[in-house]
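J.: Sequence:
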Amino acid sequence: MSVTVLVWGVVLALTWSNTRHELDELLDAHLAQTTAVLLAQVGDGHDSDDFTTTPLLHKYQPRVAYQIWHEDELLSHSAQAPLQPFASAHANGRSEQTINGQRWVVFTAQGTDDDVVVHVAELEQARNDILSAGLHSAIGPLLLALPVLGLLIGVLVHQALSGIRKTGLAIAARQPLALTPVPDSDVPEIQPLIDALNQLFARVNRTFDQEKRFTADAAHELRTPLAAIRMQAQVAQGARDDAERQQALVSVLRGCDRMTRLVEQLLQLARLEAQMPIPFETPHDVRIEISETLASLSDQAKLRQQTLELIAPQPVTLSLPAAHMGVLVRNLVDNALRYSPEGARVEVRLSAKKKCLEVHDSGPGLTPDQLDRLGQRFYRVPGSQSEGSGLGWSIVQRLVELHNMSFQIEQSPSLGGMMVKVNLQPG
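Quick note, our numbering runs 5 ahead of the 1-based positions in the sequence shown.
Everything labelled a hint here was simulated from the structure, so no lab data went into it.
Just so you know, not all the hints are guaranteed correct.
[Stated by the list, open to error] List of simulated lysine to aspartate or glutamate pairs, DMTMM-like, C-alpha gap at most 25 angstroms:
id	residue 1	residue 2
1	Lys358	Glu269
2	Lys359	Glu406
3	Lys426	Glu286
4	Lys171	Glu194
5	Lys359	Glu286
6	Lys307	Asp246
7	Lys307	Glu286
8	Lys358	Asp304
[What the hints assert, rightly or not] Derived Cβ-Cβ restraints for the label pairs, each shown as a range:
id	residue 1	residue 2	range
9	Thr117	Leu154	53 to 61 angstroms
10	Ala357	Pro418	14 to 22 angstroms
11	Ala233	Ala275	20 to 28 angstroms
12	Arg276	Ala244	36 to 44 angstroms
13	Thr185	Gln252	49 to 57 angstroms
14	Pro188	Glu406	29 to 37 angstroms
15	Arg276	Leu154	55 to 63 angstroms
16	Thr212	Gly168	27 to 35 angstroms
We treat Cβ as the ideally placed atom computed from N, Cα and C, and that holds for glycine.
With the hints as constraints, model all of the structure from the sequences given.
T.: Following this line, the structure appears as structure tokens:
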């Protein structure tokens with residue numbers, strides 16, 4: 006309401022200024038026209054007896070006056086005109102004069118011989134009165150309507166905010182874990198806010214689901230290795246000879262290693278699932294991360310006399326984050342090493358032209374049914390000789406999804422085993 010009053014005040018001030026300017030122009034034109042008419046009459050040869058003091062014929066007439074001077078002698082004047090000149094005899098055109106405490110707007114014109122001077126004047130207060138009367142008749146009804154307008158605005162705002170209050174009360178009454186979408190509002194202006202709030206609820210809900218899934222996954226998968234470690238520890242504790250005890254301790258260490266890797270993969274997968282699509286890094290040669298990752302897996306390959314080779318003759322510049330590139334290659338190559346027999350060959354090929362990564366192995370490959378189940382959490386290929394958690398493919402799939410990439414699995418044309426081809430460019 007205060008803003009409306011302020012705006013109206015500014016508009017009123019501008020209206021007063023503009024109207025005053027236009028009124029001055031109009032009345033000045035009338036003064037000039039009247040002066041010209043009087044000057045023409047004097048120039049037509051009228052005697053001084055023809056000019057007398059004019060009577061009052063209109064209520065506004067006392068506010069307009071004229072004087073006709075001939076050779077510094079007042080030839081004629083209106084009843085309300087003073088006896089002294091309105092302006093200097095040498096003045097010409099418009100001027101403003103103060104006479105007897107009154108402010109006059111004077112228009113002066115001289116005859117052709119400069120012996121006749123005509124002054125036509127108007128009280129400045131008359132102009133102000135005319136302007137005030139006009140503005141009062143135009144703006145008065147608007148000012149009277151202002152309280153009604155304020156009341157209507159208040160009612161409309163109250164009705165418009167009722168939907169917002171209703172939505173706010175509904176949200177405030179929710180339980181802390183109630184993440185169902187907020188119903189659409191009757192107020193279209195806050196619908197984008199409702200949509201954003203529902204998107205936030207959906208993200209929080211996904212986060213809770215991920216935490217629940219992580220807890221369930223950890224409880225499901227850690228139960229078996231912990232039980233196995235406990236059992237082997239009990240065997241070592243009750244062993245009758247050193248050989249039996251040593252074998253049990255080796256099993257304990259192997260169980261600890263498997264559980265360590267499982268925990269690392271669970272944490273890795275949880276971190277990836279919690280991430281939204283992230284901005285890419287500055288373009289860099291990804292061969293560096295791939296070489297470092299393969300070097301960290303070389304000892305694992307040597308344990309089973311497997312050959313691990315990187316084939317990347319040309320630099321491959323990508324914006325994929327280095328850490329994610331390392332995780333992707335590690336899980337693909339780790340799966341290839343684990344599910345390939347001893348003495349197998351694993352090749353990592355990087356194409357600069359196609360911007361794709363290929364992991365080939367000489368293992369037995371997978372059946373169509375096994376390919377369909379690949380990527381399910383904790384799924385391990387039946388008959389596998391290697392211990393694993395079945396999370397590697399879940400991590401690969403999440404990375405591919407995170408960066409909007411794609412991959413395909415088929416038989417390796419060169420090694421005969423499985424080939425995984427990852428398109429490293431966002432689709």
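J.: Hint by hint, say whether it matches the structure.
T.: The hints, checked one at a time:
no. : hint                                : verdict
1   : Lys358 - Glu269                     : 34 angstroms, violated
2   : Lys359 - Glu406                     : 19 angstroms, holds
3   : Lys426 - Glu286                     : 22 angstroms, holds
4   : Lys171 - Glu194                     : 14 angstroms, holds
5   : Lys359 - Glu286                     : 20 angstroms, holds
6   : Lys307 - Asp246                     : 32 angstroms, violated
7   : Lys307 - Glu286                     : 34 angstroms, violated
8   : Lys358 - Asp304                     : 31 angstroms, violated
9   : Thr117 - Leu154: 53 to 61 angstroms : 60 angstroms, holds
10  : Ala357 - Pro418: 14 to 22 angstroms : 20 angstroms, holds
11  : Ala233 - Ala275: 20 to 28 angstroms : 24 angstroms, holds
12  : Arg276 - Ala244: 36 to 44 angstroms : 40 angstroms, holds
13  : Thr185 - Gln252: 49 to 57 angstroms : 56 angstroms, holds
14  : Pro188 - Glu406: 29 to 37 angstroms : 31 angstroms, holds
15  : Arg276 - Leu154: 55 to 63 angstroms : 59 angstroms, holds
16  : Thr212 - Gly168: 27 to 35 angstroms : 30 angstroms, holds
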